[in-house]
Amino acid sequence: QKEVEQDPGPLSVPEGAIVSLNCTYSNSAFQYFMWYRQYSRKGPELLMYTYSSGNKEDGRFTAQVDKSSKYISLFIRDSQPSDSATYLCAMSSSYGQNFVFGPGTRLSVLP
Amino acid sequence: DGGITQSPKYLFRKEGQNVTLSCEQNLNHDAMYWYRQDPGQGLRLIYYSQIVNDFQKGDIAEGYSVSREKKESFPLTVTSAQKNPTAFYLCASSIELDFEYQETQYFGPGTRLLVL
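Residue numbers (the numbering used here), protein chains in the order written: chain Z, 124 to 234; chain F, 315 to 430.
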C-alpha cells in the first residue's frame, strides 16, 4: 500500500461547480498537511497548509483533515477554468521529517 | 523579488554524460531539496540539505550527487550512473525547521531533463 494515495483523475467539472479533491494516507504519525497546485510544466505552488485535524478556509478553498479516518480533502467553490491544474497533497509527521507527496489529481474546469 | 530559480528549463543529456541542474534561492531559507517527478507518480526526494556543507540522501539518491557550498545554491548533478534520468526535476526550499513547527516547502519552476 502506498503511503499516500490520490485519485489521478482526470476530473472534469463545469465552471462554477464545487470540486472535492481527496487523499488518503496510511501513516498515523502524519500531522502536517499541504495542498499544492501545479500547472502544466511548472513547479507546484502552495495553496493550503494545515496542522493536525480540522478545517481551514482561504477564499474559495477549504482544506479539511480527518486524522481518525486518515483522510484529507480540498474543496474549491465556484470553480474557474483557471483552476485547471494538477493538485498534489503532501504530508509529514514531525520536525525533521521529510514530506510525502501524493501522485496528484488532474482537474479540468470547463467554461 | 524573492523566489527560487532553476536553470536551464530544458536540458538534454547524451549517453554517458554528467549534467548539472542549477537551483538558486534568495529567500534566505536554510533547507533545500531536490525532487524528481515522473508521470503518475508523486514527487520523490533525491537529496536534501538543512545547512551549508551538509546534505542527506533521499529515497532515490543513486545516480545523483549534490553540493551545498552556499546557502542560496544547491546544484544537482545527474551522473551517467543514473540509467533512467528522463524526468521533471524540482528544487524546493524551506526556512530552518523549528522544533515545534514544520515549515512547508516552496518550489522552483523545474527543469525537464531529456535523454538524447
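Simulated from the structure, these hints should not be mistaken for lab results. Hints may be right or wrong, so weigh each one.
With a cut-off of at most 27 Å between alpha-carbon atoms, the simulated BS3-like pairs for lysine-lysine come out as follows [as the list claims (entries may be wrong)]:
(1) Lys-125(Z) / Lys-165(Z)
(2) Lys-190(Z) / Lys-323(F)
(3) Lys-179(Z) / Lys-165(Z)
(4) Lys-397(F) / Lys-190(Z)
(5) Lys-371(F) / Lys-328(F)
(6) Lys-385(F) / Lys-328(F)
(7) Lys-385(F) / Lys-125(Z)
(8) Lys-397(F) / Lys-371(F)
(9) Lys-165(Z) / Lys-397(F)
(10) Lys-371(F) / Lys-384(F)
(11) Lys-397(F) / Lys-328(F)
(12) Lys-384(F) / Lys-165(Z)
(13) Lys-190(Z) / Lys-179(Z)
(14) Lys-190(Z) / Lys-125(Z)
(15) Lys-323(F) / Lys-384(F)
(16) Lys-165(Z) / Lys-328(F)
(17) Lys-193(Z) / Lys-125(Z)
(18) Lys-193(Z) / Lys-179(Z)
(19) Lys-371(F) / Lys-323(F)
(20) Lys-323(F) / Lys-397(F)
(21) Lys-371(F) / Lys-385(F)
(22) Lys-371(F) / Lys-125(Z)
(23) Lys-179(Z) / Lys-384(F)
Tested hints:
1. Distance hint between Lys-125(Z) and Lys-165(Z) is fulfilled; the C-alpha atoms sit about 25 Å from each other, no more than 27 Å.
2. Between the alpha carbons of Lys-190(Z) and Lys-323(F) the distance comes to roughly 39 Å, so the proposed pair goes past 27 Å and is violated.
3. Between Lys-179(Z) and Lys-165(Z) the alpha-carbon distance is near 26 Å, which keeps this suggested pair within the 27 Å criterion.
4. The straight-line distance between the Cα atoms of Lys-397(F) and Lys-190(Z) is roughly 39 Å, outside the 27 Å bound, and the hint therefore fails.
5. For the suggested pair Lys-371(F) and Lys-328(F), the alpha carbons sit about 25 Å apart, so the restraint of at most 27 Å is met.
6. Annotation: proposed proximity of Lys-385(F) to Lys-328(F) is violated, straight-line Cα distance about 30 Å (limit 27 Å).
7. A C-alpha spacing of about 34 Å is found between Lys-385(F) and Lys-125(Z), which places the hinted pair above 27 Å, so the restraint is violated.
8. The suggested pairing of Lys-397(F) with Lys-371(F) holds, with an alpha-carbon distance near 18 Å, which does not exceed 27 Å.
9. With a CA separation close to 24 Å, the supplied pair Lys-165(Z) and Lys-397(F) stays within the 27 Å bound.
10. As the CA atoms of Lys-371(F) and Lys-384(F) are separated by approximately 18 Å, the hinted pair is consistent with the 27 Å bound.
11. Pair hint Lys-397(F) plus Lys-328(F) holds up; C-alpha atoms about 11 Å apart against a cutoff of 27 Å.
12. For the proposed pair Lys-384(F) and Lys-165(Z), the alpha carbon gap of about 25 Å is at most 27 Å, so the pair holds.
13. About 14 Å separates the Cα atoms of Lys-190(Z) and Lys-179(Z), which keeps this hinted pair within 27 Å; it holds.
14. A C-alpha spacing of about 17 Å is found between Lys-190(Z) and Lys-125(Z), which places the hinted pair at or below 27 Å, so the restraint holds.
15. At roughly 22 Å between alpha-carbon atoms, Lys-323(F) and Lys-384(F) fall within 27 Å of each other, so this suggested pair holds.
16. With a C-alpha separation of about 24 Å, the suggested pairing of Lys-165(Z) with Lys-328(F) holds against the 27 Å cut-off.
17. Simply put, Lys-193(Z) and Lys-125(Z) have alpha-carbon atoms about 13 Å apart, close enough for the 27 Å limit, and the pair holds.
18. A threshold of 27 Å between alpha carbons decides the hint, and for Lys-193(Z) with Lys-179(Z) the separation of about 17 Å falls inside it, so the pair holds.
19. Restraint check: the Cα-Cα separation between Lys-371(F) and Lys-323(F) comes to about 24 Å, which is no more than 27 Å; the hinted pair holds.
20. Only pairs whose Cα atoms come within 27 Å are accepted, and Lys-323(F) paired with Lys-397(F) is accepted, the gap being roughly 21 Å.
21. Restraint check for Lys-371(F) and Lys-385(F): satisfied, since their Cα atoms lie roughly 18 Å apart, inside the 27 Å limit.
22. With a CA separation close to 20 Å, the supplied pair Lys-371(F) and Lys-125(Z) stays within the 27 Å bound.
23. Of the pairs offered as hints, the one joining Lys-179(Z) and Lys-384(F) is violated, with about 36 Å between alpha carbons and a cut-off of 27 Å exceeded.
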